[in-house]
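2 protein chains.
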Amino acid sequence: MSQSPTVNRRVVLHSRPLGAPTHENFRLHESAVPSPDDGEVLLRTLWLSLDPYMRTRMNHTASYAPSVALGEPMVGATVSRVVDSKHAQFKAGDLVLAQAGWQDYALAHGASLTALDGIAEPSHALSVLGMTGFTAYWGLLEIGKPQPGETVVVASASGAVGAVVGQIARLKGARVVGIAGDADKCRYVTQALGFDVCLDRRAPDFAAQLAQACPAGIDVYFENVGGAVFDAVQPLLNTGARIPLCGLISQYNADSAPPTPDMLPGFLQMLLFKRIRLQGFIIGDHYASGFDAFQRDMRNWIAGGKVKLQEDIVDGLERAPEAFLGLLAGRNFGKVVVRVAHD
Amino acid sequence: MSQSPTVNRRVVLHSRPLGAPTHENFRLHESAVPSPDDGEVLLRTLWLSLDPYMRTRMNHTASYAPSVALGEPMVGATVSRVVDSKHAQFKAGDLVLAQAGWQDYALAHGASLTALDGIAEPSHALSVLGMTGFTAYWGLLEIGKPQPGETVVVASASGAVGAVVGQIARLKGARVVGIAGDADKCRYVTQALGFDVCLDRRAPDFAAQLAQACPAGIDVYFENVGGAVFDAVQPLLNTGARIPLCGLISQYNADSAPPTPDMLPGFLQMLLFKRIRLQGFIIGDHYASGFDAFQRDMRNWIAGGKVKLQEDIVDGLERAPEAFLGLLAGRNFGKVVVRVAHD
Chain R
0 MSQSPTVNRR VVLHSRPLGA PTHENFRLHE SAVPSPDDGE VLLRTLWLSL
50 DPYMRTRMNH TASYAPSVAL GEPMVGATVS RVVDSKHAQF KAGDLVLAQA
100 GWQDYALAHG ASLTALDGIA EPSHALSVLG MTGFTAYWGL LEIGKPQPGE
150 TVVVASASGA VGAVVGQIAR LKGARVVGIA GDADKCRYVT QALGFDVCLD
200 RRAPDFAAQL AQACPAGIDV YFENVGGAVF DAVQPLLNTG ARIPLCGLIS
250 QYNADSAPPT PDMLPGFLQM LLFKRIRLQG FIIGDHYASG FDAFQRDMRN
300 WIAGGKVKLQ EDIVDGLERA PEAFLGLLAG RNFGKVVVRV AHD
Chain G
0 MSQSPTVNRR VVLHSRPLGA PTHENFRLHE SAVPSPDDGE VLLRTLWLSL
50 DPYMRTRMNH TASYAPSVAL GEPMVGATVS RVVDSKHAQF KAGDLVLAQA
100 GWQDYALAHG ASLTALDGIA EPSHALSVLG MTGFTAYWGL LEIGKPQPGE
150 TVVVASASGA VGAVVGQIAR LKGARVVGIA GDADKCRYVT QALGFDVCLD
200 RRAPDFAAQL AQACPAGIDV YFENVGGAVF DAVQPLLNTG ARIPLCGLIS
250 QYNADSAPPT PDMLPGFLQM LLFKRIRLQG FIIGDHYASG FDAFQRDMRN
300 WIAGGKVKLQ EDIVDGLERA PEAFLGLLAG RNFGKVVVRV AHD
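Order-wise, the sequence lines are chains R and G.
Under numbering that gives the first Met the number 0, the first residue of the first sequence is numbered 0, with each subsequent residue one higher.
Under numbering that gives the first Met the number 0, the first residue of the second sequence is numbered 0, with each subsequent residue one higher.
Any given hint might turn out to be false.
Claimed, not checked - Among the chain R residues that face chain G by a calculated CB cut under 8 Å, a handful are: (1) Ala191; (2) Gly193; (3) Val196; (4) Leu244; (5) Gln250; (6) Thr259; (7) Gly279; (8) Gly303; (9) Gly304.
Claimed, not checked - Taking lysine-lysine pairs in the BS3-like style, the calculated list, with each CA pair at most 27 Å apart, reads: (10) R/Lys171 - R/Lys305; (11) R/Lys273 - G/Lys273; (12) R/Lys144 - G/Lys144.
Think of the hints as simulated: they come from the structure by calculation, not from any bench.
Bear in mind that the values here come from a model prediction, so they are computed numbers and not experimental data.
From the three backbone atoms N, C-alpha and C, an ideal C-beta is built for every residue, glycine too.
So that you can see chain R by itself, here it is in the shape it has in the complex (with noise of 0.2 Å):
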C-alpha cells in the first residue's frame, strides 16, 4: 500500500454569495487527513459530480435540504477509493459511491456507502448511472408519462439530466425538441443523441422558433431551468401537458422577487383551463422505490448503444469552483465531473 496521505485539500463555503457566486465565495483549505473510529471508512476521492443544485446550498435559508456551513466543504456526491476502513463491509481497494463533497478525503460511515461492483466507467456512478440519470428516468416516466407521437420538450439538451430525458422520450416513441446555449451543442444533440430538433435559447427569434418546432404543441417539459425558455414554452402546452420539475438553474441566483407583474394568477389559470400536471421532484425521495428498475434498464440501454452522455471532465480539484462557476453559466458541455484523482 502507499504511504499514508497527510495532507486533506477541501474546497470550502468561505462566503455566502448574493445573486451569481464567485471564486471569492470559495476558499482552498488544506487540514490533517482524519482516522476513520468504529464502523468508519477513510475515502479518497476520484471523481467529484457538480450539479446545479448546489448552488441553492450555498444560501444561507435551506432549500429541501440543509445549508453549507460557512468554512465547511462544498458538498457532493463522490465516487470514492476506500483508503482505510474500520466498517466490515469495506476494506482498503473498494470502489464507492459517497457524499464525501468537495475534498481529497473524507470520512464516512459505512452504511453511507454504495459498493460499486464492476462498473465500467466509475464516473458513470455520477451521472448516467447515478443522481442525474435517475433524474431523467423516474421524472420523465413517472411524471411526464410521454406516450408514442407526443411532443416532448427538453431543456437544457446537453446537459448531464437533459441530455438523458429526451434520448429515453425517444426509445418511448415521442418526437423530442431539444433546448440548448448554442449551435455546437445543438449539433451534438441532433446527431450524437438522436434528438428530433435542437434551438439555441439564445436566439433572438427563440419564442417563434419554438413554436414552428412544434406544430401539434407540447405535451410534456421537462423543465430544470425556468425564466424565459419557460415562458416561450408555456403558450405551446396542450391541455393535458405533463411538467416535471426537477431544477430551475435560471432562478438560483435571484434573491427577491422580479419587479415585473405578477404573473403567478395567470399561470395558475393556464394551468386549470388546460388540465396541467405540474410536480416538483428531488430524486433522493426515489431511491427506495425506483434505483433497482432505472439500474436495469439503463445498464441495457447504455450497452445497447441507445444512451449516451458526454462527459465534461475537469482535471484537479482545485478547478471545481472555476467549473462550477461554469456549470451555472451554461459553460460547460455535458455533465460536468471533477477527476480529483487518478485511480
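Following the hints, put chain G in place on chain R, whose structure we already have.
For chain G alone, coordinates are given in the frame of chain R:
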C-alpha cells in the same frame, strides 16, 4: 297533457363584463318555444345549476370551452322534463340531466341527455350526485390522495365543491380545516358537515389563524379560490403536498396581471423544494373513467348520512343573474340552484 307552451324566456349574454359582471351584462329575452326535429327532444327546465365556471364563458377569449356568444343564452346544466320527443329513447314526462342553459325551454339531441331514473331529489343531479360532487370526489381522491392523519385544507368550505371535499376527506381519516366567508358558514361547516376546524377568511389575522389550525402543516390543499387564501396556504404546505386545482373564483374577474412583484419564480421554486404536485383538472374529462364509481360511493354515503349538502335554492329564472352575481361575491350559502319550474 297541459296546453302547449308558446313563450320561451331566456337569459342571454347581452355584453361582456370588464372585471366583475353586473346585471347589465344579462338580458331576459322572450322567444317562441321551438319544435323538435328528428332525433331531438323539447325540454322544460326544472332546475338550473349556477357555477363559478360560467364567469369564464362570459369572456371574449375561450377558457377550456368556447365563450357564450352575445345574444345567446348563458350555458348551464339543468334537470329538465321532456315535453315532446322525436328520439326513440325518450318520451314526454321523462326526467333528464341536460345542458339546456338559462332558459325555460330548450331543444337537445337525445344522445346528449342522461335519464334520471329513481333519483330522490332531482336537484342533487346538479350538485352532490352531479358535476360539483364528482369534482370534489375525483380531485380529492385522484390528485389529493389524502392519507389517514394528514391535514387537508379546503377553500370555499361551505360551497358546492368544498363541502363535499371536506366530508370525503374526513371519511378517509384526514384532519380537515375549512375556510369560508363568514362566521355563520364556519359554524355550519364544523357543526353540520363535521370539519375539524373552519376559519373565516375575512378575519384580519386569517393567515395566523390558519397556521395555528395546521400545526403539522398542510398535506392537501383543494384549490378553487386563488388569491389571498392561497397566499396564506403556501408557507404551510408540507413536503410532498398535493394541490388539486379545480377553480380560481377570486381570479375570474381579473383582466390583467396585478402590478405587484412577480411571484411565479418563487412559487415554482417552492414547488420544487417541497416536491409538490399541482394539477389542474376539468371534471368533464373524467366522466367516462370515473363517474360510475363516484355514483356508487356517493349514493352510499348520502344514504348513510355521511355526506350532506346544503342547497341555496333561488326561485325563478329571472333571478338567475342576481343569484349568479351573489355566487361570485360569496353571498350564497351552499350549492346554488335555480328552481325554474315546479315539477
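Evaluation of the provided hints:
A distance limit of 8 Å between C-beta atoms decides the matter here; for R/Ala191 the minimum to chain G is near 29 Å, and the interface restraint is violated. Annotation: R/Gly193 was flagged as interfacial toward chain G, and the flag is violated, the nearest CB pair being 28 Å apart, outside 8 Å. With a least beta-carbon distance of about 25 Å to chain G, the hint placing R/Val196 at the interface is violated under the 8 Å criterion. For R/Leu244, the interface hint holds, since its Cβ comes within 8 Å of a Cβ in chain G; the closest pair sits about 5 Å apart.
A hinted interface residue such as R/Gln250 counts as satisfied when its beta carbon comes closer than 8 Å to some beta carbon of chain G; here the least separation is about 5 Å, so the hint holds. Using the Cβ-Cβ criterion of 8 Å, the hint placing R/Thr259 at the interface with chain G is satisfied: the shortest such distance is roughly 5 Å. A distance limit of 8 Å between C-beta atoms decides the matter here; for R/Gly279 the minimum to chain G is near 4 Å, and the interface restraint holds. Hint on R/Gly303 is violated. Least Cβ distance to chain G is approximately 32 Å, over the 8 Å limit.
Here the hint on R/Gly304 is broken, as its CB sits about 33 Å from the closest CB of chain G, past 8 Å. Restraint check for R/Lys171 and R/Lys305: the C-alpha separation of about 12 Å stays at or below 27 Å, so the hint holds. Proximity of R/Lys273 to G/Lys273 is assessed by CA-CA distance (about 23 Å); at most 27 Å being required, the pair is judged to hold. For the proposed pair R/Lys144 and G/Lys144, the alpha carbon gap of about 19 Å is at most 27 Å, so the pair holds.
Violated hints, listed in ascending order, are 1, 2, 3, 8 and 9; each of the other numbered hints is respected by the structure.
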